[in-house]
Amino acid sequence: MAQSTVTRMLDKLSSRKAVMYSVYLTAIIVFFALVLLPPILGIVIKWGAIQEILNNKSIMERSLTAIKNSFLIAFFVAAMDVVAGIPMAWLITRGKSRWLSVLDTLSDIPFIVPTAALGYSLLLFWSDPRGISAMFEGSLVSPGWVLVILLHFTFSYPVVVRVVVGALLDYKMEYEQASRTLGAPPLMAARTVTLSIIKPSLIAAFILAFARSVSETGATMMVAGFFENGPVFIQNMKTEFSTTNPALYEGSIAFASFVLIAISCLIFGIIRSFGPRLKMPVRRVWPSFERKLSYSKAAFTRNSITSIVFFAIVLLPSLFVALPALEAVFTETLPNALSGTGIWEEYWQSLTLSYFLGALVTVLNILIGLPMAIIVARRKFGVLPSALLDLLVNVPLIVPSIALGVSLRFFWKETMTTVPEILLLIFAHLAITYPYLVRAMSAAVERISLDLEEASRTLGAKPLGVFRTIIFPLTKYSLFSGAIMVFTRSVSETGATLAVTTLKTAPVVIVEWVKQKMQGVPLEFDIGLGCGFLLLFSFIVLLILRLIVKGEGRY
Amino acid sequence: MPDVRLVNVTKRFGKIVAINNVSLHIKDKEYFSLLGPSGCGKTTLLRLIAGLIQPDKGEIYIGGKLVNDVPPEDRDVGFVFQTFALFPHMNAWDNVIYGPRVKGFDMEKASTIGHEVLEMVRLHERLDAFPNELSGGMMQRIAVARALAAGAKLLLLDEPLGQLDAKVRNELRYEIRKMTNDLELTAIHVTHDQSEAMAISDRIAVMRKGKVLQVGTPKELYMSPQNIFVAHFIGESNFLEGYVLKITSKGALIELRGGVKVEIASKDVKIGEKIVLAVRPEAFIIEKGITRRGENIVLGIVERVTFEGTDIRYEVRLKNQDLIVVVKPSLTGEWFNTGDKVVVKFPPENVHLFAYPEKGLREEIAVE
Chain A
65 MAQSTVTRML DKLSSRKAVM YSVYLTAIIV FFALVLLPPI LGIVIKWGAI
115 QEILNNKSIM ERSLTAIKNS FLIAFFVAAM DVVAGIPMAW LITRGKSRWL
165 SVLDTLSDIP FIVPTAALGY SLLLFWSDPR GISAMFEGSL VSPGWVLVIL
215 LHFTFSYPVV VRVVVGALLD YKMEYEQASR TLGAPPLMAA RTVTLSIIKP
265 SLIAAFILAF ARSVSETGAT MMVAGFFENG PVFIQNMKTE FSTTNPALYE
315 GSIAFASFVL IAISCLIFGI IRSFGPRLKM PVRRVWPSFE RKLSYSKAAF
365 TRNSITSIVF FAIVLLPSLF VALPALEAVF TETLPNALSG TGIWEEYWQS
415 LTLSYFLGAL VTVLNILIGL PMAIIVARRK FGVLPSALLD LLVNVPLIVP
465 SIALGVSLRF FWKETMTTVP EILLLIFAHL AITYPYLVRA MSAAVERISL
515 DLEEASRTLG AKPLGVFRTI IFPLTKYSLF SGAIMVFTRS VSETGATLAV
565 TTLKTAPVVI VEWVKQKMQG VPLEFDIGLG CGFLLLFSFI VLLILRLIVK
615 GEGRY
Chain B
736 MPDVRLVNVT KRFGKIVAIN NVSLHIKDKE YFSLLGPSGC GKTTLLRLIA
786 GLIQPDKGEI YIGGKLVNDV PPEDRDVGFV FQTFALFPHM NAWDNVIYGP
836 RVKGFDMEKA STIGHEVLEM VRLHERLDAF PNELSGGMMQ RIAVARALAA
886 GAKLLLLDEP LGQLDAKVRN ELRYEIRKMT NDLELTAIHV THDQSEAMAI
936 SDRIAVMRKG KVLQVGTPKE LYMSPQNIFV AHFIGESNFL EGYVLKITSK
986 GALIELRGGV KVEIASKDVK IGEKIVLAVR PEAFIIEKGI TRRGENIVLG
1036 IVERVTFEGT DIRYEVRLKN QDLIVVVKPS LTGEWFNTGD KVVVKFPPEN
1086 VHLFAYPEKG LREEIAVE
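First to last, the protein sequences are chains A and B.
Plus 64 on top of the position in the first sequence (first one is 1) and you've got the working numbering.
Plus 735 on top of the position in the second sequence (first one is 1) and you've got the working numbering.
If we strip away everything but chain B, and leave its shape as in the complex, we get (with noise of 0.2 angstroms):
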């Protein structure tokens, strides 16, 4: 069964490192994405996945079999690329029953599979089309039925939503999704839209130049980020610079700019340490006022309010001049205007604490 483990692998392209000693493993049966910015990697990890470029180091097995030396056409896996590349000298069937056709299997069976995969994607009444006459979607759709009809068990997916609107990348995910649950498939998708990923995959791993940073459910990455980059890359987060006061019973002091002091849970700091603290923007409680006392509490004015539909999103300025984002349903709870005084209160467990980055913030979340 197709589980794939990668051991330290590492790419390089000239002076670049492009994958830099990446050890993971996707078990069988799981949809596993690789997230990150452009130019993180992810797509060269896929191709090494498949074959179609080699590692400089480390190793790659597929169901278990090391696979550094097999062709690509030997690695028994469907591949889906980010432009389709439909050939486009072929009509939507003969692209569709090409892998079977070149894997040798008799005419009967290439079409009873091209028949079979081609009511998948339910695109049956087009397959006299060539794929200049598809749309977006349709394109979409024949690449995959393509990868499928070529009997892998392993389907990699080369961001294959990026170059269609928005709707249909919605209506398509959910519909690949289900392909790979009813065929029992491993799929491997690269993206780089965190919505996308989460709403999909049984796991995620995010990446940044090279490297993997954390691999965990949809859930782990958004309620437990481990470092400054997935808190910010997955979801949003506002960081606020501050210095470990002292330790106390419930976790940690924290001063944060201009005197203000939060207490947040983790304990796992040091007295005087320089630290970022990651909040959601929907973790924050907001209220109108100005006196209100309490812990954890700081003053503030709404500077901006946008109505997003579903949510409506504020733009605080506290009163240590940081400015947060504050996220809140539009259907529930209080509302508030421009000029707006307020009180924000940070809710201790809702706080992720990391150790101040020594290239500095603004470069630990950069994405390019």
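In isolation and in its complexed conformation, chain A is listed as follows (with noise of 0.2 angstroms):
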């Protein structure tokens, strides 16, 4: 394989310990500068401004029982999502019929529908008189805390499918077997078995689908009504004090973020440190009942109790949005949306902008996230100092991205007094889309022996030359998934766009147009087509990179 010269001097550059060492410093400065300290430093300078949300006792009221109700929420949805997606990555991963892959690619749809396009399907779905509302008089569930129950439960249910369904491929069958073989029928097996080994994994999804609901802005101010959550009441604070009495606003958004974010972390903290010591009840059984619960009658029920729920709560409501987008498509909307004509104009702009600040971020992720990624994994700077940036790379996963909005917004209007609107919003997405890169990639790594990368360096290969022809390779894979759910996540993000900018990003623009239908303009056709155009795209560009990606191999 012949190297070009460029190449060759940048393999010869890498053995110098200096110019390696560089490249991690600069990683981890940028990762505290741009990531992780801005939102904190941010509700710190605006920590005077708390005071004026504690005198004012109604406003007060209002923002704790939001933040109580965002974490009410978060609970019960999270439960929620591993009670049923539990039984789906069952099936998924053991059913024996060729329809199950099927049901697996399907199960993934809504968590690549924006979440902008998902709130307005659901709110068709469950509450306009088109949808299963036309069964009934009236909507069948208005705008309020049980659609956004239905909401979150709607986005966060494929990741915990998509973690548990690893996990279980993941895992070793012969444990399971050993205790079939040992006398427990197969539900027994797998709860006193499967389900304990893979409890990290069970953790893990919870703590996703936790911070997926409490962190949702967009799609939940469509669907709320009268109810405030967190990201809700910071969004309402801006609606109704930002000019009046900007003061309250900025007091009321600084205290709101920082209870989010300072409850967030003691949460993750909590379920981080107490969930492995989580015992399972492994040593009570239940023979005969059991036993009766394993077969076919039961396993057939649970099954298709599976099934109901995820294609009546989840597939349909998601989708639903199709139905007057196709509509659309055969009225005067389809010629003045292609034309851009009135409201459109602003849409493709919004459109544009989304997917170019989607692809800027996925690469400023891969630059500055692949040095941290192996920092994380080959602990470059000791056990410890690893360990914690592993840990605090995790922080803006579990931050409620408006609230970490906010703290951007508060930290970099301080700090440079003419920050250009668009950094704001590059920074705002790259913090929130840090993790998912860093997280990919450094679990790739990990997974690849040392060995391979000592036996590179003694074949004469020199650091960037072993990352060259050794850990690319083999973790390319990883690096296009951490890419998509970069990108994915970039251009589905609402809170955090709506709080640091007033540059109007796809998903800010479809909030709008649901919270303007009630004047008249714009029209439902107008609305399904956006989100029909939003979730178009979205496939095209997960078709090309899934293109792309396909037969790069897992090793």
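One or more hints might be untrue.
Stretch by stretch, here's where chain A covers chain B in the computed footprint (C-beta under 8 angstroms, at least three residues) [stated by the list, open to error]:
#, segment
1, 745-751
2, 811-820
3, 837-848
The calculated lysine to any residue pairs, modelled on SDA-like cross-linking and capped at a C-alpha distance of 25 angstroms, are [unchecked claim]:
#, chain 1, residue 1, chain 2, residue 2
4, A, Lys263, B, Leu869
5, B, Lys792, A, Ser161
6, A, Lys526, A, Met84
7, A, Lys236, B, Asn826
Keep in mind the hints are simulated off the structure, nothing from the lab.
None of the values given here were measured: they were computed from a predicted structure.
Yeah, the Cβ is synthetic: ideal placement off N, Cα and C, and Gly gets one too.
Bring the two chains, given one by one in their own frames, into a single complex with the hints.
Next up, the structure:
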């Protein structure tokens, strides 16, 4: 393999410790400077403003109720996700029908539908007379906390299914088989052995679902009605007080953001510390009862309920927006949209901004996230500092994105008076998506035996050469997966975008349209088609990325 | 009582036929080994008996009862996995009494059984240890104890010693054998190690490509292999190609390559038939010399000498250019050096004769 002069030069440079450590240090500095510290310092800077809300009892109570609602809903939704997700993951990995691979693909759909489109889709399905409410008088589920729960369940369910499916695929079947040969019927074997062994993945799935629920803003605003959770409260404060009482606005959102971030970190810390010690009830067994639940009728009932829940509560409501989108195709809406007439001009601008931002943030994440992933996976700065970095990288995952956006805005606006809006937007999206790439890559690098790297070094490869020829080819799949997650998360993001800037991305425009629908413009067809385009482009981008990834080996 | 009978059992994985119409009978209280190279189907056969997979065709009987549709938990078998499969979230004690517990035994009874089996495997003092705190040998013992505690009379062992080092492996194989004897269990042991199978089994089934080639006691397999693969896989054999020249009063006269003639005891051949002779390395008689005449004698030169402790191994190039291996005890008899000219005698009664395989000798003895 002929090497270019540049490659050779870079390889040679990489063998100098000083150069490699400079790269690693830069990655760490960028992480602290752009991702971790600004949101924390933003709150500290505005600490004084919090006094405003402490003097306003009604707003204070309202904010506390909203925050309480956020965590109650997140707990309930995450628990429901785990309860409903385990049987689905089980069905996908253990079922024998070839149709299950279709089910596997379908279960990803709500994951890739941008949450703004998902929110509108659910609103139509559950509340609109054209949805399931057509069968009832009035709307079956009016906007409010029930619809918020349904929405959060829908978008976090695929996350749980994906994590549990992964855990079950990696799980060594021999444990369960040993349990069966020792006399345990299938359900008992699953309960006493399999679920106990994959407990860390169940905890991870719960945390992810929990964090997604606490964080989601845009779609929640669409379906919340008069109900408020933390992110909706912050957004409502902006609408109500940003011009009339800026001090109260800043105080209230600083307070709500601080409490949301603090409680999220606290809960995450508690789950992480006590989760592994949580004992599953493996010593109690009910042989005859569990035997009855293990076979044919009971298993059929379980699989039927699992499928019904998935199709009726997750899949159908997620894709319901396709109906008005299709209808819109046969009306004037389509020509208006394609020619960018009226409200569509802003829509296309926002869509372009969304995809530009998604692509840029993905590239930036690869540049600054890759060295960090290697630092974490290979413990480049010792065991303890690397473990600490590993922990800190997760922080943006568990912090509600609107709270993160609020703090970021405080920080950058206070420290740099003329910071361009677009830069704020990039920083916010970078901070929110950063953990996705680092997590995917550090896990992939960790899976590669150190022996391979050492073998490559003893055969004459320089550190960068080792990365090019060994690490990269073996982790390409994870890099693409991480990039896909970063991209889709950025395109879907609403809360932080609303908080940091007045620039409008596509989900923000959709949220605004839904809010303005009562005033007659835009029409239902406009919103439907807007969501449809968003959905269509997301599918196309994902399809392209999948085609690129296809055939890339998981060695 | 748990004898095991397989009748025309076939198992496919996609296009691959893992088990091809196998019939076997494993007697009650017998220690039976399934022996063969990797991928021959021996583990699949064991998993079929355990009920972990279902046959596509054929019947499986345990204790005279058809068990094709019986789930693994109701077959009353103890299964020891190659990787031990000790539950990582349970300590040794909880692993051992898992079987009695899930079968609904009361705690007192489960506890008595647990103590009995731990006594048997001499690991009482480690009952609080988790699997990752135990050595390979200890894990293996706990895995056996766990299988025994479930009260099964049929023990299925899937390469149970495969992950252990040689010394521990040798010790444990006799321990397992003694335990199954004492408890009067039927045991089916899967292994690819012929010395392990020979050392502990009452009978062995040699498998290849999903088929059982021969079933017999270790002595029968060694002394009377029924085909080239068994002669090759059990012990070691020299294979020499030739033709049947004529039928004699003692058996048949064979002409090997280069016109070398040897007479063997078998008469079950036709004149002109292409055959393969299989001779064990220790069956040859070897002496120094260049001119000695007599029946079945071939001249040769020692090309390599390897000292193996109890034996010395000689590679001898015969005058027809065939290379043979001769093994002699190191403490008795004459020693030879590289370059020595020797005479090699083929003992007629210890030569096995097989028809030349259709696909060639190399294919017939290939283990992959």
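Here is how each hint holds up against the structure:
no.: 1; hint: 745-751; verdict: violated (count 0)
no.: 2; hint: 811-820; verdict: holds (count 6)
no.: 3; hint: 837-848; verdict: holds (count 3)
no.: 4; hint: A:Lys263 <-> B:Leu869; verdict: holds (23 angstroms)
no.: 5; hint: B:Lys792 <-> A:Ser161; verdict: holds (21 angstroms)
no.: 6; hint: A:Lys526 <-> A:Met84; verdict: holds (11 angstroms)
no.: 7; hint: A:Lys236 <-> B:Asn826; verdict: holds (18 angstroms)
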